[in-house]
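Student: Hints in hand, dock the two standalone chains.
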Amino acid sequence: MTELELELRDLAARLDLPPSPSLAGAVRARLARRRRRRRVLVLALATCVAALAVALVVPGSRASLLRFFHLRGASVTLIDRLPQLTPRRSLGTPIPFGKVPFRLLLPSGQRPERVYAGDGGYWLRYPGLLLFEYESAAGATILKKAAAGTDVEYVRVRGEPGIWIGARHALYLPGGPPRVAGHVLIWQHRLLTLRLEAAVGRERALAIARSVR
Amino acid sequence: MQPPGEETLVERARRGDLAAFEALVLAYQSLAFRTAFVIAGDAADAEEAAQDAFVKAHRALGRFRRGEPFRPWLLTIVANEARNRRRTRGRRAGLALRAAAEPQATAEDPEEAALATERRERLLTAVERLRDDDRDILACRYFLELSEDETAAALGIARGTVKSRAHRALARLQEELR
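If you read the sequences in order, they're chains A and B. Each residue of the first sequence is one higher than the last, beginning at 1 in my numbering. Each residue of the second sequence is one higher than the last, beginning at 1 in my numbering.
Same shape as in the complex, but just chain B (with noise of 0.2 Å):
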């Protein structure tokens, strides 16, 4: 048998089945928190935030409207509850980079492997010296992968308005880099 669709769980929550909430939240909870901590910063703010939102969201959900993709509608109470944790620290812990993986028999020339690293440093300081409005879209764009409709959800603004400020935050990164 098929599982239900994502429709038919919304639709099933919305007439108060806890259950069809629940697999709504395992199959969106990976992308909720990993949404609120590059925009929080800070992994216990992600998880309250994460967790308030799907809260919210199963309160708001007789104001979700029918048909609608579900994971936009949710990015945007995830993205709001995130940015309100950050205004509330306010400061954000910036994002790292993982450790060194261990070297593989196929690893390129340690001196430049150094320099790779030294390079993606460069640019993750670059991205975390931006201003917020910048920093997200790019966290959003190309962190996240999130498509240009989920981006305009997240960060509450028109989708026509993304393209152009991922290309201005693009610019001022550069000219961080410089």
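Chain A extracted, bound-state conformation (with noise of 0.2 Å):
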């Protein structure tokens, strides 16, 4: 080794370098980070594909597969013709309000008349409306049907996407028959996915879904 060789290891040895930061935290959050990221993207693929699937093969609903239209945790189909439809059976089993093991959201921040917990969320009764609320990140799903040419178009809720549904149709709940539904409103917040029922036209539809919170 050169003399210039070893006064630059010399100096090697004097250099003032900061301490070595710990790593190993910041690595490991964003990592776990990336892989629930990961989870959820094959999820909503899974469940994007187990809905088509569902749609095609649900008996009673040979009808030909026209549009399909897919949100997290929700997928509504339009077909040629709807199948035997049969009216809505109970919501599942009335629940105290304080029981739900995440926070419900709710229109103008009100309390529902009553919560029932069935069909892998709540429901939330209130005067003339229905809420329903599911984790869809846990992969819940429901499929809707709609007969063709009914007003079936993506919406945004506070720049989440969305679902309008603005007639009678099938829905299909996991397990149940497919059941009559009226004007549907579904959207996503945050993990949630939220299905809003009542009698009234898109906008109101809208701005109580805006409302939620």
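Calculated from the structure, these hints are not laboratory results. Virtual Cβ for every residue (Gly too), placed ideally from N, Cα, C. Treat the hints with care, as some may be off.
What the hints assert, rightly or not - For each label pair, taking beta carbons as the anchor points, the in silico distance ranges come out as:
#1 B:GLU7 / A:ASP16: 25 to 31 Å
#2 A:ALA46 / B:GLY5: 52 to 58 Å
#3 B:GLU6 / A:ALA13: 22 to 28 Å
#4 A:ARG36 / B:LEU26: 19 to 25 Å
#5 B:ARG15 / A:ALA46: 43 to 49 Å
#6 B:ALA19 / A:ILE95: 35 to 41 Å
#7 B:GLY5 / A:ARG37: 30 to 36 Å
#8 A:ILE95 / B:ARG65: 52 to 58 Å
Tutor: Structure (structure tokens):
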């Protein structure tokens, strides 16, 4: 080693290097975040595929598929004719408001008359209005079918995607027969998906959805 | 019980074991930070570069060739991140010498000590005046004491080029010192 090289080595020991920070925690957090994001994406894709598959095989709906709308946790297909529909059965088991394991979102912040646990989520009953909330990231999904020509469109509620169905349609909840449903707005809010059913028009439904907090 | 070796940790990390990857981060975080700092010249940039490098390394584990040493492979990613930040910043803050230590009982003559410090400062200034590629190779070989293989990996050059490039950089440094 030449004298210059030795001097460089000597210099290395005297450099003012800042102390090495601990990186493990930050790296761990970033990797865990990435893994969660990937899971949600995979789940969303799987849900989408499953919903499409269900749409094609649900008994009584051999009608051809005309159009497909999808949100995380909900999808709507337009078919040429609706299957045989049964009236709504009970909404589930009534439970106290405080027993819901996540914070329910309420229209204008107002508490419902009753809360029911059922169909993989929570039904909130208000006079003339029914709200269904469920954690779509956990995999629950609802499926709707509407006849061709029905008013179905994508909308946005406070920047998040939603679907408006402005007519009578078929609602499929996990494990049950198709039920009849009226005007419905479905939209995402962070990890929740909300479904509002009321005999109101699109603008009124959107106004109620925007008031949810 | 023996702690798992590097190869085992890499293999486990490839299969999705985050704890195994964290053990690799703990083993190499200091080297990664120092390498990034010597190249980028800024502590915040170096921390960010080292952190990003570990995240990218994790993502690229599938492409890591089994049986190869992990250290040079990681250094390639760290050095790349650090150079990108240096490029973005446009200029690099120079390295500095630590403040003089307290005089010791066996301290050399104060005048000699002052002269030695002056020589070191001159040498460091000359290193900092070199072109980036000359400076980087000297920093890798003499400041970070990386092997030829590791230097080649960090700088993205062939192993055979390391010697000749270091030789050329030393000659240019000698010129600067005249």
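Student: Run through the hints listed earlier and report the numbers of any the structure violates, in increasing order.
Tutor: 1, 2, 5
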